[in-house]
Structures are given as C-alpha cells and as structure tokens.
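Letter by letter, the chains look like this.
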Amino acid sequence: MAALEELEQVYRAARRDKKFQQELDDLLRNYAGRPTALFFARRLTQKLGGARIYLKREDLLHTGAHKINNCLGQALLTRRMGKQRVIAETGAGQHGVATATVCALFGFQCVVYMGAEDMRRQELNVFRMRLLGAEVRGVEAGSRTLKDAINEAMRDWVTNVRTTHYLLGSVLGAHPYPEMVRDFHSVIGREARAQVRKQAGKLPAAVIACVGGGSNAIGIFSGFIPDRGVRLIGVEAGGRGTQPGEHAARFHGGAPGVLQGTYSYVLQDAAGQIATTHSVSAGLDYPGVGPEHAWLKESGRAEYVSASDAEALEACSLLARTEGIIPALESAHAVAECIKRAPRMKRSEVVIINISGRGDKDMGILRENLKNL
Amino acid sequence: MTPIKLQIRNCYFKSPMPLTFRARPALVAYLTCGDPDLATTQEVALAAVEAGAEVLELGVPFSDPVADGPVIQRASERALLQGTRLADVLMLAGELRRQTSAGMIVFSYLNPILQFGLERFCDTAGQAGLDGALVTDLPVEEAGDYLRAMRGRQLATVFLAAPTSPDSRLRRIAEASTGFVYAVARTGVTGERDQPPQDARDLVRRLRRHTKIPVAVGFGISTPQQFAAVGEYADAAVVGSAIVHTVERNPGREAAAVREFVAGLVSGSRAGRARTSATRA
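These protein sequence lines are chains A and B, in that order. Under my numbering, think of the first position of the first sequence as 8, with each following residue one higher. Under my numbering, think of the first position of the second sequence as 70, with each following residue one higher.
Everything hinted at is true.
Only pairs whose alpha carbons sit at most 20 Å apart, straight line, appear in this in silico SDA-like list of lysine to any residue:
(1) A:Lys90 x B:Thr233
(2) A:Lys209 x A:Glu198
(3) A:Lys90 x B:Thr256
Note that these hints are calculated values from the structure, not bench results. In this text, all values refer to a predicted model and were calculated from it rather than measured experimentally.
Throw the hints in and build the complete structure from the sequences for me.
Here is the structure:
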C-alpha cells in the first residue's frame, strides 16, 4: 500500500511537471515513432461494402505494439523515484518486450514474469526480451498464463518494494495503475480523433478495439468518450466455446469480483475461485477486465462483444490479403468485429479499428491454425 | 422453544475480545483447510491446540494467493482440487468449536467472501463460533462495509501491518483492528526463512504507539529459536508455512507430526521461562 501511495504522489507531481511531459513527448516522438498513422483501408472497405474503415496503426510503433506508450511513461517515473530495478508481467510478450526495451534505454535491471504456457506459444518474444538484457522467469503455478505471471510479479514486488518498481502493463491492478496506464495510452485517442477529422472530415460512427486487460481500448476510447455520437465497441476473446475455461469474455460470463487488487468483472465460479480462460491470443487470455471498462459498460457508454478464435484467425488472414497488414491475433479480434459490423453500416459512416500490434509474434500460431495455406 | 443445548453450543465457547493470549509468545497456528482433506485438517487443528496453539487461523484456499509463497500455494492447489470452498471452512469451524475453546479466525482472500455475500459470511461465521476474520487483500481504506458487518456481530477484524507502512497508515490499521494486530515480519510473502526477521521489532514498536491490543508477528517464523525470540517484543507468533509444510511432508500421520512440531516450537520459550522462574526462586 505504501508503494502504491508513493507511486500515486510521484505520478501526480509528474503530470503537473512540464519538463516531464516534454521529455515523454520527445521519447514518444523520436524513440517510439509517434504519431502513428491513421490509414484508410480502401480494399477492406470495398470488400465489406459498408462503412469506410480506417486503421489506427499502433502496430507501427517501436516494439510492434501500443505497450511502449505506457512503458516510457512508467520508466520516467521509475527514474524520478530513484529506483534501479523494474519488474513486469507479460501475457503475449509485447509488454515484456516493451519493458525490456525501456529498461535497456534507461539502464534499469529488468525481470519479466511470464506464464510457462505463454512462453511456449510466444517463443519469439521470449528471445527478444533476453536479447534486450532482461531476465525472463517462467511461472509454473496455476494456469501458467498471464494471471499467474501477475501473481508472481506481485510477490516479487512486495518482497523488493524498496528498490523495485512494478511496471504493470495494463489498466488493471490497484489504484493508481488503471488511471495512470490509461493516461499514458490516451495519446492514441487524441491522435486518432484529430487524424480522422482531418482525413475523413468527420468523427467516426464507431471505434473498435480488442480488450484483454483493456489498455489499447481505453487508450483509443478516451479520445472519444465526450463525443456521444461515437459508439465505442470493445471485443473480448470468444475463444473456442461458451463454457467456463473455453473463452475470456468477462462481460458475458463474469461477475463483479476482486482479483489482484482490482474490483471489476471477473470470470469465476460460484465459490469465488478465479476461472481459467482460453484464447488463441495470449494477450486477451485473462479472467479480469480493467475497471474503467466495467464502468463504461455499466454506464452504457461502451458495448462489449466477442470474437471467436476462428473468427480472429480468419480476420487476420483477410486483413493480410486485402491491405498487406498482418495484425497481432489480439488486434484481429477487433478486425473480426468490424467484418461483422461494417457491411450493416452506411457508406457515409466511418469506423476506426485500433490495430494494437503487429502479428510477427504469431507466425507460429498462424502456421498451426491456417493449414490450408 | 429452542433447546438449551443448542443455545449453549452457539455462544458458550466464544472467546472474549480482544483475544486473550496466555503464553508469551502465544502461538497462532495457520492451516490451509482441505489439505489434504477436511477431516485431516480437523485432526491437525485439534492436535495443534493440544500441543499449545492458542489461536487457529483457518485458511480458505484461493486460486490466486498472491501474498503466499510456494508452500501455501501448493497446499491451496491441493485443497481446491478436493473441492474445498469457504462454505466448507465455515462448517469445519463449527465442528472445531464443538471440541475446543481455542481462539479461531477465518483467513481468506476477499473474493470468496464477496461471492458468498458479506452479511451471509458474518452471520455464518458468528453462528459457527468463529471469533473473527483476517481478509488478506482487503486494505483498511476499502473496509467500511466489512467493519460494520463484523462489528455488528462482535466478530474481531484482524488486519495486516507491513514494515513498509508509514506511521499514518499504521495508525489506521491499528484503529481498525480488533482481537489482535498482525505484524508482518518482513517485506515479502509467506514462507519459512532461515534468518530471523530484521524489520519486526521496529514495526511492533511503531504499532504499539497506536494500540493496546495484542500484536502477533508472522511470515517466516519456523524454528523454536525464532518463535521464542518473538516473545521478547511481541505477544504472539503466527506460524503458517512451517505447519503447512509439516502436513505436506507427513502423509498419513499429519496430526502426530504437527503435534510434535508444535510441541517443539513452544517448548523452547516455555523452558526458558521455567528456567528463569527457577533461578528467581
């Protein structure tokens, strides 16, 4: 608790500090490659025959996903706190890679916790983290995926809290993380709003993003929340079925509960034990969802749907063939929802899909699952 | 008309608040309920009390025990595979209460209690003869409803105090705690340690500025020497992983092994005091 209070104080002071903001902007621009493009997907639009589709290209950011926005911000805070060691959890490995990247940049010692099952299915990212100088520790307990990695990272943090900052990768966890991580990703939404007005001459009718912990979705949604005419659509992992353990659709099968310091929708059994989940995409494979998404859903501002493993794989393939962009399997869930929705919309309407990451890390899984290629 | 026997069973054996410790240090024994099964937990609990434990912490297994090290993690997994739920632990408490007047609190993460229903939990805990609870991941700042529900039924609310807490937070923790305050001996998770705790003395001293109720020290206490040393500055020592590990390592004779282990733990400090009184006499 003391560490959380310290972090909040440091964060609030940093937000008020112009020099902090300038330094962060400089790193986002000259190191990470912001602003990312907003691209009009002409061929996908024609193929679906409905709304005009724009892609927000977070996949073009350094390290290949949106994660680094948050990592750069928290790295600057780590330096402000005078800590030398950073730990993180990671699911698909993108947050682990982004954390290892900023630790190399700032000269921090870096330890990343990853579920043993995730290490197997995202091997490329494990190697990348090690190449960047991070220590990757596999977690064998529980379901051997993201939630177990978070447990282990939290155990490390309480043990080493005086020297170590826990660089949490999504809008989860105890306060101030959900708010702070959202703030660091809000640049996505600010950019997208300005870009779509310039390129399409109007605001979108809908913004679609995949939701694991919820960071890329909150990042882009935050730019449009006051614009009531813009529908915000979050896409969860529909996995391979509707039974517990077959998916990670928190808003369809879950109930309010407390997991890892957060009170939000959680997939769990009647006795309050946390459920195992499944998704072909490691980054969406988590039983809890960021509390701000729970609030957006309950207040009616955002709606949450799901896409199955099969639909995501198909969407990945379609985007690759029509636009020459291979999305991460996580982002492919948002593409899958657009494939269902765009045809029902008018030509005059605009849809933005947040392409939260690129699919290089998923080549192995794509090869296993798309055998007919 | 309710039979007299039933009335006595429901309220006769409840310990007064604050939980009164007799020995110094008193032993608070933690068990993960349902490991290897509930019947064994019952035997082990009674054996621990016979050998000298004054308070039992009945641990509810949870799928994500973030504050626990590998020993209690493994025990929780085994207990969950047996299907152990909060409801089972509350029933076990009732059974134990029929057989002992030792202090008894439930030790659980928050989510199982939330799903059970807070009011229902407090009612059932009270009826079972439990003295109170400790909810591992419920910070005092979020505990308003919980405190009201527990106080309304005279159930003790034990909270954890960490060595990293500043004094202002220790004061809030001390004010919210009844029964005893649980001082976490080290920054870290549960688990047996070779080294004695460095942070504990200072933490207890800082806590005593804000409370008169007993202070128990836990996390990593596993040997008779460590146990006796706690008595120099605190009222009780909590032993968890060492007992749970004893259960794990002695399949088929868990209760006997725990009885021996607990007797060994408390004998060091009792013998020390006996020697002292002998020389004074």
